[in-house]
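Trainee: Single-letter residue listing:
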Amino acid sequence: MADSGTGRIRSMFFAAAEQGRAALLPFMTAGIPDPESSLAMFQAMTAADGFEVGIPYADPLMDGPVIASAGRRAINLGMTIDAGLELVHQVAATTGKPVIVMTYANPVLQYGIDRFVDAIAAGGAVGMIIADLPVEEATPFLEGGRRRDVGMALFVAPTTTDERLERIVAAQPAFLYGVARLGVTGEQSELAATAGELAQRVRAATDLPLVLGVGISTPDQASEAGAVADGVIVGSALVRRVLEAEDPERAAEALGAAVDELAAAMRGSEL
Amino acid sequence: MTPDERGRFGEYGGRFAPETLLSALDELEAAFAEAWEDDAFRAELDALLATYVGRPTPVYHATRISEQLGVDLWLKREDLAHTGAHKINNTVGQALLTRRMGKPRVIAETGAGQHGVATATASALLGLDCVVYMGTKDMERQALNVYRMELLGAEVVSVDVGAATLKEAVSEALRDWVASVDSTHYIIGSVVGPHPFPWMVREFQRVIGEEMRTQLKRPDVIVACVGGGSNSIGAFSAYIGDPDVRLVGIEAGGYGIATGKHGASLSAGSPGVLHGSYTYLLQDEGGQILEAHSVSAGLDYPGVGPEHAFLRDAGAVEYESVTDEQAIAAFHLLSRTEGIIPALEPAHALAWVVDNADALRGKTIAMVLSGRGDKDVQEVAGRDG
Chain A
70 MADSGTGRIR SMFFAAAEQG RAALLPFMTA GIPDPESSLA MFQAMTAADG FEVGIPYADP
130 LMDGPVIASA GRRAINLGMT IDAGLELVHQ VAATTGKPVI VMTYANPVLQ YGIDRFVDAI
190 AAGGAVGMII ADLPVEEATP FLEGGRRRDV GMALFVAPTT TDERLERIVA AQPAFLYGVA
250 RLGVTGEQSE LAATAGELAQ RVRAATDLPL VLGVGISTPD QASEAGAVAD GVIVGSALVR
310 RVLEAEDPER AAEALGAAVD ELAAAMRGSE L
Chain B
14 MTPDERGRFG EYGGRFAPET LLSALDELEA AFAEAWEDDA FRAELDALLA TYVGRPTPVY
74 HATRISEQLG VDLWLKREDL AHTGAHKINN TVGQALLTRR MGKPRVIAET GAGQHGVATA
134 TASALLGLDC VVYMGTKDME RQALNVYRME LLGAEVVSVD VGAATLKEAV SEALRDWVAS
194 VDSTHYIIGS VVGPHPFPWM VREFQRVIGE EMRTQLKRPD VIVACVGGGS NSIGAFSAYI
254 GDPDVRLVGI EAGGYGIATG KHGASLSAGS PGVLHGSYTY LLQDEGGQIL EAHSVSAGLD
314 YPGVGPEHAF LRDAGAVEYE SVTDEQAIAA FHLLSRTEGI IPALEPAHAL AWVVDNADAL
374 RGKTIAMVLS GRGDKDVQEV AGRDG
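Protein chains in written order, with the numbering used here: chain A, 70 to 340; chain B, 14 to 398.
Same shape as in the complex, but just chain A (with noise of 0.2 Å):
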């Protein structure tokens, strides 16, 4: 069915392609600057071809400050995981682009697997990211979203070895999410070497598409990143933007720009 959420993962990655250049996802953490205007962000990265919504975690192991400080502050301004499955819906709805929810697995366990996957399925979501789940974890989640069609991402990792990698593709996850460094999320100066290498590594081995996150902030790097895989993960780079930003509109301007920047760089043209 054309609404399914693993096809349209597949169609935002074939169009891309068609394009000749890898999708853009950028990140936003759900309820900030603050739950009211978080909608605004999502719809002023008009230039991304999916998101990635995270519903905040207020332990959340994968995430360096930058992602860290914007979940307690989501959390504090009384983010919960039901009014951000409502933003899921919202992004969805008023973007029209896929949209795939990131959390950890406490929040989705407490809620009860099945009945995340159907609030995000209804939602209008295509996928879903559980940052502290490894492939030996991951079946209950992957079982829970095959049943509704919500397409379950999978890390691979610099330090994954050739067996885990078999492994992990064997258990048939929508997508491989990337690691493109040895670290937490994070703004870094340049492109890890690791990313390049692992995005070899992952298509000697398997079709499945290949997203490649953390570490990837500037143009220069999400171009570089593009290269090599079927679509870039830039988050702390604008959650960033929108902590620092004096008020809502003034997040929202330098979100779409910033995201612009990187669509350009991405496509192989200046703005």
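Source of the hints: derived by calculation from the structure; they are not laboratory data.
Some hints could be false.
In silico contact screen, one side only, chain A against chain B (beta carbon under 7 Å); selected entries [said to hold, decoys possible]:
no.	residue
1	130
2	131
3	150
4	174
5	176
6	179
7	201
8	203
9	226
10	253
11	257
12	312
Pairwise CB distance ranges, derived in the manner of DEER restraints [unchecked claim]:
no.	chain 1	residue 1	chain 2	residue 2	range
13	A	217	B	370	56 to 62 Å
14	A	147	B	83	49 to 55 Å
15	B	331	A	209	29 to 35 Å
16	B	273	A	296	49 to 55 Å
Don't be surprised by glycine CBs; every beta carbon is placed ideally from N, CA and C.
Since the structure of chain A is provided, determine the placement of chain B on it from the hints.
Mentor: Here is chain B on its own, set in the frame of chain A:
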């Protein structure tokens, strides 16, 4: 018990960790399993435990307090181990393993500072670089231990997010590890974290219970404090399955369970994922981890080792709690009655004995005195005005 191939004790445990760490966890599991079967490794560890740590630690018959309470109380003196707590049993073991894996650097988290000091000590002993993460709140209340770690050559990194205590220190150490896993081993301080940590740390702490079995006639009751739960599991593991020995773990009741300000994950929490493991924890309905509270920094943690979660559900161990106030009273009692100033953590175990003295009348009780109280003197002095 040995966890299953997924690192689970029943349904608890597992590996809820970022993929970046999984190869290192696989490597660690294999390295530990191999080392633990290797006579040369065991001999080196045993020699260090004997000549460096000071094992076996004695069991002391606390006759004056026994008389006062109407019980027969024996103290397993982990406070007499080098660095003043049971933590050293685990850090010497993991430091040897680090060297065996060829990694030059270790990281650790610490709450009360005891594990940080024990890690810094083992690192100095074996020539490893050492970085210890510690919440700023804990650095204030345990300033002496911060300086001890620095004297031992470790770098202490302050963690100033959230409640700035043990939970945040563990999270920050795990973030360091995600970036440094190629060259670094994470010496986790308790039976928490992703598999194989809960199993491996338990094995390194089993020595407590194994010594007790040879030192003591079978006691009626064994009682120990439970934060992450390493000294208690070390003692219990030698007695689990013996129907004649009652095992009791004491959690931090803080201001009282009803106030919500406590560290009693097993008594008042629910299952979920924290720091890589599925276990009982303090959380809200949305799965956000709640702040724990305890006068004792070592028990100020909203989770607990997954094997304890299993033992709780199986009914093999009873878990109770006592308040800050009760623990401080027991701290004074042991100091005045036996001339032993205990750490505030094991003072919780003694407080339970005091509170239940009538029901325990005439029973032989073995209590793990997991650490000495020097680090807590200032905290208690501040409270007593």
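Trainee: Taking the Cβ atom of residue 217(A) and the Cβ atom of residue 370(B), is their distance within the range 56 to 62 Å?
Mentor: 57 Å, holds
Trainee: Does residue 253(A) pass the interface check with chain B, least Cβ-Cβ distance below 7 Å?
Mentor: 5 Å, holds
Trainee: Double-check residue 257(A) for me: the hint is only fine if its C-beta lies closer than 7 Å to a C-beta in chain B.
Mentor: Cβ of residue 257(A) sits 11 Å from chain B, so the hint is violated.
Trainee: Residue 203(A) was flagged as interface toward chain B. Is the shortest Cβ-Cβ separation under 7 Å?
Mentor: Holds: closest Cβ of chain B sits about 5 Å from residue 203(A), inside 7 Å.
Trainee: Verify the interface restraint on residue 201(A): the C-beta must sit less than 7 Å from at least one C-beta of chain B.
Mentor: 5 Å, holds
Trainee: Please test the hint of 49 to 55 Å on the beta carbon pair from residue 273(B) and residue 296(A).
Mentor: 52 Å, holds
Trainee: Is the shortest C-beta separation between residue 176(A) and chain B less than 7 Å?
Mentor: 4 Å, holds
Trainee: Just to be careful: measuring from the Cβ of residue 174(A) to every Cβ in chain B, is the smallest value less than 7 Å?
Mentor: 5 Å, holds
Trainee: Residue 312(A) was flagged as interface toward chain B. Is the shortest Cβ-Cβ separation under 7 Å?
Mentor: 15 Å, violated
Trainee: Against chain B, run the beta carbon of residue 131(A) and see if the smallest gap drops under 7 Å.
Mentor: 5 Å, holds
Trainee: Given residue 130(A) as an interface hint, is the shortest Cβ-Cβ distance to chain B below 7 Å?
Mentor: 5 Å, holds
Trainee: Does the hinted range 29 to 35 Å hold for residue 331(B) and residue 209(A) at CB?
Mentor: Holds, since residue 331(B) and residue 209(A) (Cβ atoms, about 31 Å apart) stay within the stated range.
Hints 11 and 12, counting from the list given before, are not met by this structure.
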